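**Student:** This is what each chain is made of:
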Amino acid sequence: MSRLLEVKGIRVGYGTVPVLHGIDIHLDEGEAIGLFGPNGHGKTTLLRALSGLLRPEEGSITFDGKDITGAKPATIVAAGLVQAQQGNTMFGDMGVEETLELSAFTPRARKDRKGRLAEVHALFPRLAERRHQRARTLSGGERQMLSIGCAMMCAPRLLILDEPTLGLSPRLKGELREAISVIAEKGVPLIVVEQDVEFLLALTNRLYLIEQGEVASEIDRDNAPDHQEIMDMYFGEQAH
Amino acid sequence: MTHKQRIFALIALALLALAPIFVTDSYTRHVFIIAFIYATVAVNWDLSLGFGGLFNFGHLAFFGIGVYTAAILTTALDISPWLAIFAGGGTAALAALLIALPVAKLQGIYVVLVTFAFGQLCMQIVLSQGDLTGGAEGLVRLPYLSIGDYKFIRDFKFGYYYVGLAILSLSVVMLLFVATSPFGKSLRAVRDNPDYAAARGISVARQRVLVLVVSAVFTGIAGGFYAIYLRVASPEVFGFSTATLVLSMVLIGGVGSILGPVFAALALTFASEAMAGVRGLEEARFIVVALAMILVLRIAPNGAIDIMGRLFGPGRKT
Amino acid sequence: MDGVLIPTLVSGLLLGSLYALMASGLSLIWTTLGVFNFAHGALMTLGAYIAWTVTEQLGLGIALGFVCGIGVAVLAGILIELFLVRPFYESRNMMLITVMTTLAASTIIERGISMLWGPRLKQLPRVLDGQVNILGAPVSAHEAMIIGLAPTVLLALWWYTGRTSRGRSLRAVGQNQDSAALIGIDVPRTFSLAFGLSAALAALTGILLGSIRFVTPGLGADPLVNAMIVVIFGGLGSLGATAGAAYVIGLLEALLVLWLGLYWTPSVLFVLLILVLVFRPNGLFGRAS
Numbered sequence: 000m001s002r003l004l005e006v007k008g009i010r011v012g013y014g015t016v017p018v019l020h021g022i023d024i025h026l027d028e029g030e031a032i033g034l035f036g037p038n039g040h041g042k043t044t045l046l047r048a049l050s051g052l053l054r055p056e057e058g059s060i061t062f063d064g065k066d067i068t069g070a071k072p073a074t075i076v077a078a079g080l081v082q083a084q085q086g087n088t089m090f091g092d093m094g095v096e097e098t099l100e101l102s103a104f105t106p107r108a109r110k111d112r113k114g115r116l117a118e119v120h121a122l123f124p125r126l127a128e129r130r131h132q133r134a135r136t137l138s139g140g141e142r143q144m145l146s147i148g149c150a151m152m153c154a155p156r157l158l159i160l161d162e163p164t165l166g167l168s169p170r171l172k173g174e175l176r177e178a179i180s181v182i183a184e185k186g187v188p189l190i191v192v193e194q195d196v197e198f199l200l201a202l203t204n205r206l207y208l209i210e211q212g213e214v215a216s217e218i219d220r221d222n223a224p225d226h227q228e229i230m231d232m233y234f235g236e237q238a239h
Numbered sequence: 000m001t002h003k004q005r006i007f008a009l010i011a012l013a014l015l016a017l018a019p020i021f022v023t024d025s026y027t028r029h030v031f032i033i034a035f036i037y038a039t040v041a042v043n044w045d046l047s048l049g050f051g052g053l054f055n056f057g058h059l060a061f062f063g064i065g066v067y068t069a070a071i072l073t074t075a076l077d078i079s080p081w082l083a084i085f086a087g088g089g090t091a092a093l094a095a096l097l098i099a100l101p102v103a104k105l106q107g108i109y110v111v112l113v114t115f116a117f118g119q120l121c122m123q124i125v126l127s128q129g130d131l132t133g134g135a136e137g138l139v140r141l142p143y144l145s146i147g148d149y150k151f152i153r154d155f156k157f158g159y160y161y162v163g164l165a166i167l168s169l170s171v172v173m174l175l176f177v178a179t180s181p182f183g184k185s186l187r188a189v190r191d192n193p194d195y196a197a198a199r200g201i202s203v204a205r206q207r208v209l210v211l212v213v214s215a216v217f218t219g220i221a222g223g224f225y226a227i228y229l230r231v232a233s234p235e236v237f238g239f240s241t242a243t244l245v246l247s248m249v250l251i252g253g254v255g256s257i258l259g260p261v262f263a264a265l266a267l268t269f270a271s272e273a274m275a276g277v278r279g280l281e282e283a284r285f286i287v288v289a290l291a292m293i294l295v296l297r298i299a300p301n302g303a304i305d306i307m308g309r310l311f312g313p314g315r316k317t
Numbered sequence: 000m001d002g003v004l005i006p007t008l009v010s011g012l013l014l015g016s017l018y019a020l021m022a023s024g025l026s027l028i029w030t031t032l033g034v035f036n037f038a039h040g041a042l043m044t045l046g047a048y049i050a051w052t053v054t055e056q057l058g059l060g061i062a063l064g065f066v067c068g069i070g071v072a073v074l075a076g077i078l079i080e081l082f083l084v085r086p087f088y089e090s091r092n093m094m095l096i097t098v099m100t101t102l103a104a105s106t107i108i109e110r111g112i113s114m115l116w117g118p119r120l121k122q123l124p125r126v127l128d129g130q131v132n133i134l135g136a137p138v139s140a141h142e143a144m145i146i147g148l149a150p151t152v153l154l155a156l157w158w159y160t161g162r163t164s165r166g167r168s169l170r171a172v173g174q175n176q177d178s179a180a181l182i183g184i185d186v187p188r189t190f191s192l193a194f195g196l197s198a199a200l201a202a203l204t205g206i207l208l209g210s211i212r213f214v215t216p217g218l219g220a221d222p223l224v225n226a227m228i229v230v231i232f233g234g235l236g237s238l239g240a241t242a243g244a245a246y247v248i249g250l251l252e253a254l255l256v257l258w259l260g261l262y263w264t265p266s267v268l269f270v271l272l273i274l275v276l277v278f279r280p281n282g283l284f285g286r287a288s
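Protein chains in written order, with numbering that gives the first Met the number 0: chain A, 0 to 239; chain B, 0 to 317; chain C, 0 to 288.
Isolated chain A (complex conformation) (with noise of 0.2 Å):
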């Protein structure tokens, strides 16, 4: 089975203030992982290199058979590792069907755009009927439905979805996890950061916990150790 992501040994930091000391993950195609643990660990930070907005001190990462560590943002999603933004508003003045449109921008993506877009349409009905407003109007659960929307336009042969559902109501929570999980069963490789780790464990094959900007641990599915240690092992480093 081809490894479609290889992390080796990234180390990455912000100026002189390192936040990973050598992390190791690795994806199959096929798969989905999750990766879960305290916040301000390197998360984030991990997911910012992946996608070229970071470049790492040392390290590689392969995608696809190809070294793309330090490469151009525009680059690695031409390559189809793509990243859902988080939190903000993608372009305020744009409006929601021009900004799909647009995300079809590389070679790969602008195939069968129209496709794509009817996809999008089905995942989530609400980007279709706000088709003509412009992003900045949109409520907080539209922005993170559009930012999942642009980057399915994308094309993405790895979609990489960070905290997806940070902030948002339950019944929102729930409308976009169903949305995700439809993603996942179309058989999108995933990288997905949540909170909840009962939800990564019902939609992912692997996880991994990172603390302290490592892999304190990985946890597969399928070997998965009991339920409750789980979430121990989670609320436990929560407590520190």
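The hints are simulated quantities; they were obtained by calculation from the structure and are not laboratory data. Model, not experiment: these values are computed from the prediction. One or more hints might be untrue.
[To be verified] Just a sample of chain A residues kept apart from chain C, beta carbon distances all over 10 Å, derived:
#	residue
1	T68
2	K113
3	A127
4	A150
5	F198
[Said to hold, decoys possible] Computed footprint of chain C on chain B; a stretch qualifies when at least three of its residues, placed anywhere within it, have a C-beta under 8 Å from a C-beta of chain C:
#	segment
6	107 to 114
7	117 to 131
Every residue, glycine too, gets a C-beta built ideally from N, C-alpha and C.
With chain A held as given, fit chains B and C onto it using these hints.
**Tutor:** Only chains B and C this time, still in chain A's reference frame:
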């Protein structure tokens, strides 16, 4: 200013004061005089740009206003050139007041644009009011400086040299005084942390008005002197090239330092004049200066211009 | 009154059209990069001189003149972005630094032109000869063409940035660089596109101006200030705001010239600009960013 810097400055002043003993030809003295004038303009520009953190791009307009004030007063109204030079400082300060009031409350790029447009407007006015200003050709044959029978042009510009040096020295002294005064401290406070300063009750708007007016006084006087010395007033003073030249002096000398631009002015004026002497380089020297400015910005963009940062310029400050 | 009003309005339309052409390029770079290109006027001048060389000196016709003038200016624009703007993307004071580097570029280009072509006045031929009547006022065909061309160019720009992928990427990059990179947009290349397009607009304007005014190294100096005033009025925002402001100012200027004469108009316009900024610090149509 540190003790070492003070000594350094005094030595430099002494050397410059004694230089005419060794430098006796008219041409070299001329270059010194021009350098003194530009240095005055540059150093005062540093007050608003470096100390005040105000992106004033109309500073050369104050210079030009000084030039034309002196020129018009001496030609149209036959006023003594000495008075005309000082009047140049007055009108420049007035202009600064006029432009400072609207600019005081503007942010970022708007300050740049409005002050720049103001400079261009001054040029437009000068060009269009040809009867008074000589339009594109300017005014010529302005009177010499003299005290009684002694014409300052005599003795290879001996008198002019010391007037130029005096203007520069007075200006530097004034700026040092401002920098160490409470006003200077509050200027730096506003520059480094406007919100905190406002919270402490410092009126940012009033600061800006004051700093612009203060920066205009000696600039205008330098302009008046420039006109009287060269006996010519031309719209060139409002142009991009002059502005780029003086701006380079500020940048290369070190934004936020006081002596830096003075030495940069001396160096650049001599370099520029040297190039003007070489055939084919008369126009090119402006290009060389512009390139030098870009290089300085490339090599030390935040060091040379750390206006908003916590670090000061090349460490030559109080 | 009729006899004087119509020509004034037409004059205002012409001015507005010119201003719109002058300001559109400047506005494009500002909205995409957050940079104010002080070399914009110099690029107009460059376009005019290259066109003059091709058209008058080499006698190859005005069409080729346009092509070459615009082509060289585009190259210059791309070089300016590459060497004088790009190195400062990450700087804390990028806006201020690029003001200075583009000012330096302006000096280099204008002085270079002066050295290469000499200071003597030159003139470009009009694209169209003869006269036409607009609403009863006689206007030269060339100027009428400008009046028609400006809205066309503006509409083309509006369509380009609103409907095409590349054009939309300009707006996207202007709004959120990181997000744009994450959907696969090559941000530096987009900046080059913005500068190139802006330079093309500048050159086009310069060449058109070169036949109604004299071609001198200072050709672009006044238009730069006019463009500056337009974008300030309009609020440094969208293309639409810039276009609107251009025509408002054009008409205003024409009326002021009628009432106050040529001497006082620039000063009054400037005062009006200041007043607008006092009450609306982000321009007439601008929005606080």
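**Student:** Of the hints stated earlier, which fail here?
**Tutor:** 4
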